[in-house]
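These protein sequence lines map, in sequence, to chains X and L. So for the first sequence, the working numbering puts the first residue at 1; every next one is plus one. So for the second sequence, the working numbering puts the first residue at 1; every next one is plus one.
Among the hints, a few may not be true.
[Unchecked claim] Cβ-Cβ distance ranges computed for the label pairs, FRET-style:
{"id": "1", "chain 1": "L", "residue 1": "99", "chain 2": "X", "residue 2": "596", "range": "32 to 42 angstroms"}
{"id": "2", "chain 1": "L", "residue 1": "80", "chain 2": "X", "residue 2": "631", "range": "53 to 63 angstroms"}
{"id": "3", "chain 1": "L", "residue 1": "12", "chain 2": "X", "residue 2": "600", "range": "49 to 59 angstroms"}
{"id": "4", "chain 1": "L", "residue 1": "93", "chain 2": "X", "residue 2": "608", "range": "20 to 30 angstroms"}
{"id": "5", "chain 1": "L", "residue 1": "88", "chain 2": "X", "residue 2": "21", "range": "48 to 58 angstroms"}
[What the hints assert, rightly or not] Some chain X residues judged to face chain L by a derived CB distance under 10 angstroms, without partners named:
{"id": "6", "residue": "572"}
{"id": "7", "residue": "573"}
{"id": "8", "residue": "575"}
{"id": "9", "residue": "615"}
{"id": "10", "residue": "616"}
{"id": "11", "residue": "620"}
Source of the hints: derived by calculation from the structure; they are not laboratory data. Note that the structure is predicted; figures quoted are calculated from it, not measured. Ideal Cβ positions, reconstructed from N, Cα and C, are used throughout, including at glycine.
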Amino acid sequence: MTGGSWLCLLAPLGGTILITLCGTRIPRVAAGWIATTSVFIAFAGAIWAFIGVHSQGPPNFLGGPPWAHLPHQGEITTAWTWLQSGNFHVGLQLLVDPLSTVMMLIVSGVGGLIVLYSIGYMDGDDEERRYFAYIAFFVFSMLLLVEGGNLLLLLAGWGLVGLSSYLLIGFWHERPSAIQAAKKAFVMNAFGDATMALAFFILIAHTHSLSFGVLSTSGFSSTAINLIALGLLGGAAAKSAQIPLQTWLPDAMEGPTPVSALIHAATMVTAGVYLIARTHVIFEQARTVELIAAGTGALTLLVAGLIALVQTDIKRVIAYSTMSQIGYMFLGAGVGAYANGMFHLLTHAFFKALLFMTAGLAIHALAGEQDIRQMRGIGRLMPFTKWCFLAGALALVGIPPFSGFFSKDSIVASAAALGTWYGWIFWVCGIAGAFLTGLYTFRLWFLVFPGEPSPFVREHYHDHHGREGAWTMLVPVGILAVLATVGGWLQWSPRWTPFTDWLAPAAPTLQAAIPTNTQEYYTSAATVLAGLVGIAAAWAIYSGRRIAIPSAPFWRRTLENKFWFDALYDRIFYAPAAWTTAALRREFEDPVVLQTGPDLGQTTLETGGLVRRIQTGFLRTYVLFLAAGAAGIVLAFLIAK
Amino acid sequence: MAGPDVAWYLAVAAFLFGIGALGVLVRRNVLVVLLSLELMLNGGNLALIALSRHFGNGAGQIFALAVMAVAASEVCVGLGLVVALNRRNLSLDVDRLSELRG
Numbered sequence: 001m002t003g004g005s006w007l008c009l010l011a012p013l014g015g016t017i018l019i020t021l022c023g024t025r026i027p028r029v030a031a032g033w034i035a036t037t038s039v040f041i042a043f044a045g046a047i048w049a050f051i052g053v054h055s056q057g058p059p060n061f062l063g064g065p066p067w068a069h070l071p072h073q074g075e076i077t078t079a080w081t082w083l084q085s086g087n088f089h090v091g092l093q094l095l096v097d098p099l100s101t102v103m104m105l106i107v108s109g110v111g112g113l114i115v116l117y118s119i120g121y122m123d124g125d126d127e128e129r130r131y132f133a134y135i136a137f138f139v140f141s142m143l144l145l146v147e148g149g150n151l152l153l154l155l156a157g158w159g160l161v162g163l164s165s166y167l168l169i170g171f172w173h174e175r176p177s178a179i180q181a182a183k184k185a186f187v188m189n190a191f192g193d194a195t196m197a198l199a200f201f202i203l204i205a206h207t208h209s210l211s212f213g214v215l216s217t218s219g220f221s222s223t224a225i226n227l228i229a230l231g232l233l234g235g236a237a238a239k240s241a242q243i244p245l246q247t248w249l250p251d252a253m254e255g256p257t258p259v260s261a262l263i264h265a266a267t268m269v270t271a272g273v274y275l276i277a278r279t280h281v282i283f284e285q286a287r288t289v290e291l292i293a294a295g296t297g298a299l300t301l302l303v304a305g306l307i308a309l310v311q312t313d314i315k316r317v318i319a320y321s322t323m324s325q326i327g328y329m330f331l332g333a334g335v336g337a338y339a340n341g342m343f344h345l346l347t348h349a350f351f352k353a354l355l356f357m358t359a360g361l362a363i364h365a366l367a368g369e370q371d372i373r374q375m376r377g378i379g380r381l382m383p384f385t386k387w388c389f390l391a392g393a394l395a396l397v398g399i400p401p402f403s404g405f406f407s408k409d410s411i412v413a414s415a416a417a418l419g420t421w422y423g424w425i426f427w428v429c430g431i432a433g434a435f436l437t438g439l440y441t442f443r444l445w446f447l448v449f450p451g452e453p454s455p456f457v458r459e460h461y462h463d464h465h466g467r468e469g470a471w472t473m474l475v476p477v478g479i480l481a482v483l484a485t486v487g488g489w490l491q492w493s494p495r496w497t498p499f500t501d502w503l504a505p506a507a508p509t510l511q512a513a514i515p516t517n518t519q520e521y522y523t524s525a526a527t528v529l530a531g532l533v534g535i536a537a538a539w540a541i542y543s544g545r546r547i548a549i550p551s552a553p554f555w556r557r558t559l560e561n562k563f564w565f566d567a568l569y570d571r572i573f574y575a576p577a578a579w580t581t582a583a584l585r586r587e588f589e590d591p592v593v594l595q596t597g598p599d600l601g602q603t604t605l606e607t608g609g610l611v612r613r614i615q616t617g618f619l620r621t622y623v624l625f626l627a628a629g630a631a632g633i634v635l636a637f638l639i640a641k
Numbered sequence: 001m002a003g004p005d006v007a008w009y010l011a012v013a014a015f016l017f018g019i020g021a022l023g024v025l026v027r028r029n030v031l032v033v034l035l036s037l038e039l040m041l042n043g044g045n046l047a048l049i050a051l052s053r054h055f056g057n058g059a060g061q062i063f064a065l066a067v068m069a070v071a072a073s074e075v076c077v078g079l080g081l082v083v084a085l086n087r088r089n090l091s092l093d094v095d096r097l098s099e100l101r102g
């Protein structure tokens, strides 16, 4: 069980090191296979750990089939003491418990499929080896984040994920926009890292430790606990692209498409949800902050859904849908239904990776075109891509029996279960979000896939030896299409809840957030209905042409400018900094520094001219001075005595 | 144990040191300057050992040993410089080696 976790963590790191050391001695495609193999070895390790947690738990005394153990409470394995300072010490330790094994399986499993897909997608790129070294490192960082056995290792993984996302978003470094996007992602994430580090400092000040065990210590003052929770929430919001730290995510689409899939589906943006579930004890003591997290999620899911309505880049639409879905996860985790949030994370990993990879197939076949207005009718030429995308889209909207239905509805139902006024606001947001999801997803679908291929598509479409892509791209897409369809059957909250039971030792759902079956049923009905209405509206507007696109210039401009967040940050942070530096240059650098430079030099020269006479060049003069100095000091001592 | 008073030893040491210092100051040959330096060091050593004996504290003797080690390495460097000067056919007169004059 612990061996599996070490294997899982170290295999991708080994892959990175191997690719880096081999350099140009191996062919490019070999680098791809090394990365893929290492991530699948990590997946094998994750399964090993999963089986260990499953089989070593106590037997289920409540009955059920004999294999239905309760999961193991979790075990911490320490390699060595990593840092020590007084009575504060941190070990290089991994935590294997139900929560971390679920994350390990998602990260390495979906990650492995994405790396396999990259082999076909990146084929022919100049710097494939660098790409695969980075991507294996990315998987390693994320695994360190989810497996880290104490908060410091978690923070280390957190920072490394930020670093590797920076490297991958800016992978095409000859594009200025990619460099900009990478920097933006890094700065936004660094902000979150900083608030998290501050939270940890407060934690250390109160408990002298960063192990997960101290989280449940009670006796924090309410100020301290609220500050810690706020710091953690800041980190989670930055990594998971929640308002107000969301602006980096759409720009991150500058990276290669598999990177977008990896950032959005398996790793990185889900880290915030994992963090809340992992440190739920803190958040439960600071219930207000936890509800702020839920509110952030509710707000983000609406805002991102609205912005997605007007985007014209296929990857950006999907990017905003990710923000929106992470908003659902935050909502779930924030109201206390951690397992529901994590379950949505799981199904979302399947269908979002699928959507990105099918979009990547279309982009690849059209030689890099990403504008959905140009792509009309590509489904006729790419039927496999079309049907796989449809599976992903239905899962995203949450139409039964696709996976999103099972996970999204229970989150919204948990909001209803709170029964308070804000619970109902969250509930309404969730339903409205479902409508928006249906609308923007099927706007994308109706604009891109059905119908006669446009002249642009006819002209630019090229297949890959008669198929829609290399087999390394088609196989992962096929597997994910199946998972996106059936993955949700794992759990249907009103009837069977193996996933929630599995996570119960690590992150039990709050009693207040467990909905009754009635609440589940009417919430499901409402969300599915809202989704269907959204789909119908999309059909009426973009395919059937029954309704004209509503004309509202102000709102359109607001949405196209992403609610002015970028402009606002420009005003608040960039503009004053730029003004200050310009003023400093004008008022200080030019008149003071540049003017006084020559004066300083002249003065130094003149002073030097005076002093140079002391240097006679005669050894004996120097000795005389030395002797006189020594005699002077001795005399001074004698007199002083 | 009877013997001369420690002041005598110190006087000899000061005398040695003075001769050495004077040699460094007035002699112009590099070799003689080095010899004079050794005299100064040994004067210091004598003072250290005498006082060490006087106060019954072994630290001074250890110090003298360290000074000897320093003196030996200093001679290595100094004689190396003399040999290098000679190889380049430069004068061994310290007053003529005055390129560092400001």
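Hint by hint, here is what the structure shows:
no.	hint	verdict
1	L:99 to X:596: 32 to 42 angstroms	holds (35 angstroms)
2	L:80 to X:631: 53 to 63 angstroms	violated (31 angstroms)
3	L:12 to X:600: 49 to 59 angstroms	holds (55 angstroms)
4	L:93 to X:608: 20 to 30 angstroms	holds (29 angstroms)
5	L:88 to X:21: 48 to 58 angstroms	holds (50 angstroms)
6	572	violated (58 angstroms)
7	573	violated (54 angstroms)
8	575	violated (54 angstroms)
9	615	holds (3 angstroms)
10	616	holds (6 angstroms)
11	620	holds (6 angstroms)
In this structure, the hints that do not hold are numbers 2, 6, 7, 8, in rising order.
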